[in-house]
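> What follows is each chain in one-letter form.
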Amino acid sequence: MAGRLTPIALGATVFFLVAAAAPLFVPSWATLFALILAKGIVVLGIILLLQAGQVSFGHAMFFTTGAYAAAFWGKFVGGGDIVLYLALGAISSTVFGLIVGLFVVRYREIFFGMLNLAFSMVLWSLLEKMFHYTNGADGIRVARPTLLGWAFTPETFQYVILYISLLIAAAAFIGVQRYLDSPLGHMLRAIKSNETRLEYLGTSARRVLLVGYVISAMLGGIGGTLVAIIQQIATPEFGYWTKSGEFVFIAILGGGAHAFGAFAGAAMFEIVRYFAAAQLANAWQLILGVVLIVIILYAPNGLIGLRQRDRRAKQGGR
Amino acid sequence: MNSTLATLAVLDGISYAALVFLVSVGLSLIFGVLRVVNVAHGSLYAFGAYLAATFSIAVAPTSPWLTYPALLAASIVIGVVCGGLIERFLLRPLYGRDDVLQLLITFAAFMVMDNLQRLIWGVQPIFANEPLKLLPNISVFGVNYTSYQVLLLPCVALLTLIGLRYFLRRTLSGAVIMAVTEDREAATAIGIDAKRVYFVTFIIGASLAALGGALALPTTSLVPGMGADMIVLSFAVAATAGLGQIEGTAVTALMIGLARAFIIYIEPEFEVLVPYLLMVLVLLVRPFGLFGATSLRRI
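Those protein sequence lines, which keep their order, are chains A and B.
At position 52 of the first sequence the residue is numbered 52 (the working numbering), and the sequence of numbers has no breaks.
At position 255 of the second sequence the residue is numbered 255 (the working numbering), and the sequence of numbers has no breaks.
Isolated chain A, as found in the complex (with noise of 0.2 Å):
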């Protein structure tokens, strides 16, 4: 594939650009495509786990970690900066994706999905409940915090978050893309395909597991401080199971045997929610289901999926 541009590589560059440009021509979208940069990298985590065949139903539980991160930091320390809340994202679901990570590759297909759910449960209760620290339901305001200690304007801000999501969405799309082409990104891929053989060849399925599994779990924290610096808000809400489904969704939606498919996926789920919520703002939910349920009967391979159908129906089938 390297060196050559395959229609989804060029699918991928315009979106970036797009994302890059169109903001400044509309400055409302410069939120929804932040939002939509940000989810998508919570999805290429999931993305990087379906490629292991592996589902997380409680995926949402790094998202909020990462959220979390930066709103315990504003509240307690108080004074961030974009560059710390990220790092303090990254670092915090990391170790949290390590820990849950050593307890969960042991087990596949719905004893993983049920684990990971029971995991984020737990920690969306400790949230909900914990109200001396986290101020319960109503969850902590993340005030807009400084980059490199410039201070910025709203309007400025919205664009200053949204080009920083844009270049780690497109350093994560590429990494991902990488580690996916590496040995490593094979092996993981063997998972799904044949574990025993894997084994047989001398590594270890739940240590190639585990590094996806940690790398997931980092992109799930990056994202949800973003979402939490672009929202000012975190809630723990951000980990409740419907959250958790909806970036399965997403990934579903979008197509999870490419990496572009997490922002292609996530593109499509906030703009279909923009403009459901601004038309039929109580019914927005109902049109998501609707397009979630025709694209798992009609395409399962989601929005990437149609291409890549179209191009092995020209091979001769499968």
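These are computed hints drawn from the structure, not numbers from a lab.
None of these values were measured; they are calculated from a predicted model.
Partial list, computed: chain A residues near chain B (C-beta under 10 Å): (1) Gly53; (2) Tyr107; (3) Leu115; (4) Met121; (5) Trp124; (6) Ser125; (7) Thr242; (8) Glu246; (9) Phe249; (10) Trp284; (11) Gln285; (12) Ile287; (13) Leu288; (14) Gly289; (15) Leu292; (16) Ile293.
Away from chain A, derived, C-beta distances all over 12 Å, residues of chain B: (17) Tyr68; (18) Pro69; (19) Gln124; (20) Pro125; (21) Leu134; (22) Ile138; (23) Val140; (24) Phe141; (25) Gly142; (26) Leu159; (27) Tyr166; (28) Ser173; (29) Ala179; (30) Phe199; (31) Ser221; (32) Met255.
We treat Cβ as the ideally placed atom computed from N, Cα and C, and that holds for glycine.
Position chain B against the provided structure of chain A, taking the given hints into account.
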């Protein structure tokens, strides 16, 4: 904690466990037969409750006693209509496909139903506690409690447990369901219609969820989000017991119900935490649940 408080906690725990059991056993049954975790299960619970409210508010002026059949009717209507639609049009096209897709399509059904529920019944809390008021209060070791909660609910739960056991172990239809669960291909080969079995099982499971909701109606107020809360809770119970374990679900529901009730009186903040913490601990030691049979690692 004195003995009165302890009695109160036990009674709370039992009545709560009865409701949770009804919902969880439906989820467990569906998983046992179809191998699908039905994320829309909580919505079926909520729909059962809301429709029961509509029905009982409609019949209560005629005679408050009619609210009992109204509760039952609501749960059957929801189970057959919603359950039937979900199985027939969402799950059936996906059998034999990726497990993720089956899980996710029930998640889509959850999103749609959650939204429909807000559109149909609004977001204001709804109360309808006629059935609770009809039955007298009884005194248990000096503690006054409604007999609806300490007698009727546990009786319904117990009857459901016995009924399900009898149905699955002693009747032909039950044997057919067990056969499909055990080995779908072999069952199909001897002429069993697996699709019909899936359909019927899903409707039974969905009706149990709706029944749990309908029976919960007199004891709580209905609020949006009750379905989302119930699905994770019932999932925690079913997974802790071991998915597909019917008797195990009853024991686990009682365990979690009692643990939760005692925690409420000792350390109320941690009420929500109990079921999930228990689930994590059990799954770490026994991933197949407390009562689940361990099978070889599937690769």
